[in-house]
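Undergrad: Chain by chain, the residues:
Protein chains: 2
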Amino acid sequence: MTSKRLGRWTVHFPGSPRLVSAASVVGPKEGEGPLHSYFDAIELDPMRGEMCPEAAERRFMEDACSRAIQQLALTSEDIDIFLGGDLLNQVITAGFTARSLQIPFIGLYSACATFGAALALAATLVDSDWVTTALVAASSHYQTAERQFRYPIELNVQRKPTNQWTVTGAGAAVIAKQGQGPKVTHATIGRVVDYGLKDTNDMGCTMAPAAADTFLRHLADTGRTPGDYDLILTGDLAAYGSKMFRHLVKEAGIGLGNKHQDAGQLIFSPQQKVGAGGSGCACVAVVGLGYVLKQMAAGRWHRVLLLPTGALFSPVTHLQGESIPCVAHAIVIEG
Amino acid sequence: MTSKRLGRWTVHFPGSPRLVSAASVVGPKEGEGPLHSYFDAIELDPMRGEMCPEAAERRFMEDACSRAIQQLALTSEDIDIFLGGDLLNQVITAGFTARSLQIPFIGLYSACATFGAALALAATLVDSDWVTTALVAASSHYQTAERQFRYPIELNVQRKPTNQWTVTGAGAAVIAKQGQGPKVTHATIGRVVDYGLKDTNDMGCTMAPAAADTFLRHLADTGRTPGDYDLILTGDLAAYGSKMFRHLVKEAGIGLGNKHQDAGQLIFSPQQKVGAGGSGCACVAVVGLGYVLKQMAAGRWHRVLLLPTGALFSPVTHLQGESIPCVAHAIVIEG
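First to last, the protein sequences are chains G and Z.
Anchor point for the first sequence: position 46 equals 46 in this note's numbering, and the numbering is continuous, going up by one each time.
Anchor point for the second sequence: position 253 equals 253 in this note's numbering, and the numbering is continuous, going up by one each time.
Hints were generated in silico from the structure; no laboratory data involved.
Heads up, a few of these hints could be off.
Heads up, the list lumps identical chains together, so a pair's fine if it works in one copy or across two of them.
[Unchecked claim] Computed cross-link-like contacts, DSS-like style, restricted to lysine-lysine with a CA-CA straight-line distance of at most 27 Å:
id, residue 1, residue 2
1, 29, 243
2, 198, 250
3, 243, 273
4, 259, 294
5, 177, 4
All chains should be modelled from the sequences, with the hints used to inform the complete structure.
TA: This is the structure we're talking about:
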């Protein structure tokens, strides 16, 4: 079966690749949050017994991948391709995880939208019979992200209300045509949107225009409205970014009703002192694979739009005075 | 048409996606090398009038992409997806280039094998009719890579004979089914190979086992021998890595004859004081798109295997005592 394009941005998958397994592994803070009962594993030691947080993050991704594969009673030998990524320089979490897995590997980078890029590509490869089974994964870790993008946590730099808290954890899923699980029916690949914003302490608002851009293109390509979805889940816009996203969508004449939620707002409670909410590649991955899929399985939602968002800057470009280019990808999942 | 898998690692593209345009833009040192007459543009100012080398690298990638699109008398509006990557933290060259291009974008990271990953994915997406036209690009820059991975060049740290010189430049190509140009017929996606080597001053030897692994799997999957190719072009193993690659392949009972050349050895002459040879994402991209495609067009070679290689480490993992995981992807191009 061949895929069918809808407009320039969206593809429909007639072969209906399915999420045949999914695993979410999180750290202790996420385990204390409102979604704690939906995660497959909560690790109480965020360092996982390792000396460096980079090695710890790897353990989260390796665990999530192992669980996703083992749920199918398969081994990594049975998986045809591994598409994964993370926030760390040189995508080391996915690269080192690929070393453990020994599955043909392509590393992806769309910042916190990486999980969306991986899902879209995996669905395409499975739908077009290039591969039979594809493993996707994304991870982040509070300690690795904080020291790479901001300051060493030992400095205890005061956080602003718009700051977000990087989720510690990893999500992994296997996509295949054969098997049980919700279908991936559409993907809309985003373009890079840059409103000239430069505030790295407010990534949610920085990414919101990209989320709105991809979302509006998705609706235009598919001829759908928000009413066609039971849930529209943005990646990690958090409190302020979500507000801006709703505003931009409203300005375009689209009413979201009560359909929109944000993974960064769902994963932590306000009492957890996380600023505006959660962030990181793992945020939408663990909320999507943990919470959303289980709610879909329970019949609460039937058709969900995942809208992971990412900021494609680096500390170097920020110091060089550049604004922050952002991207969002949209993936439709049907139960 | 659907793709046909050969073994676990290799895919055959029955729809014959073609490289319908290709552009290579390099810096002054590359322009003084033996391949100077094959590049589409040689920029005499490696800084491109910019204040920072990161901004300069972006100019190289933007130029290569513009040229590849303009050769077809198209605009970026006509291109369905942009798959690109580079060596810099947070893949900023490709991310910022995507901001200029406004084409739906997925960032890739396979270190210096990124161009291979991009070509393989682009060929798949075109072959499976997910997109009609895909733009691929990869870049590197001596000054950005040196200061990110090693030392500020102002320190003038003494180089070792096994050190390689990062190519300044970018290669870009458009893949489509309609149009003239050599076909992409097969791709073999590599697994991550790590022989426990840790010497960041000898990346060629570190990457050679991954090149050999992917190459041997490619031969096994396709039932081919080196004799079936007119040229087997490794990415950037350079002098020492090429020697190790030949040795590993020979140990596996495969004779390469005179079929093997390395992009890192071709791009500079020994008189240019580049240590073991060239490296960087741009190395195999500009040698492949500049030199190899033009030689194919002239009838010298008919069937070429591109074998870009990449080292998936970061300075952080190196300082943490980790060895260097590597990957290589193989792409068959037929004139």
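Undergrad: Work down the list of hints and note, for each, if the structure agrees.
TA: Outcome of the hint check:
no.: 1; hint: 29 x 243; result: within (25 Å within a copy, 50 Å between copies)
no.: 2; hint: 198 x 250; result: within (24 Å within a copy, 54 Å between copies)
no.: 3; hint: 243 x 273; result: within (19 Å within a copy, 56 Å between copies)
no.: 4; hint: 259 x 294; result: within (18 Å within a copy, 54 Å between copies)
no.: 5; hint: 177 x 4; result: both (17 Å within a copy, 16 Å between copies)
The structure is consistent with each of the numbered hints, conforming to all of them.
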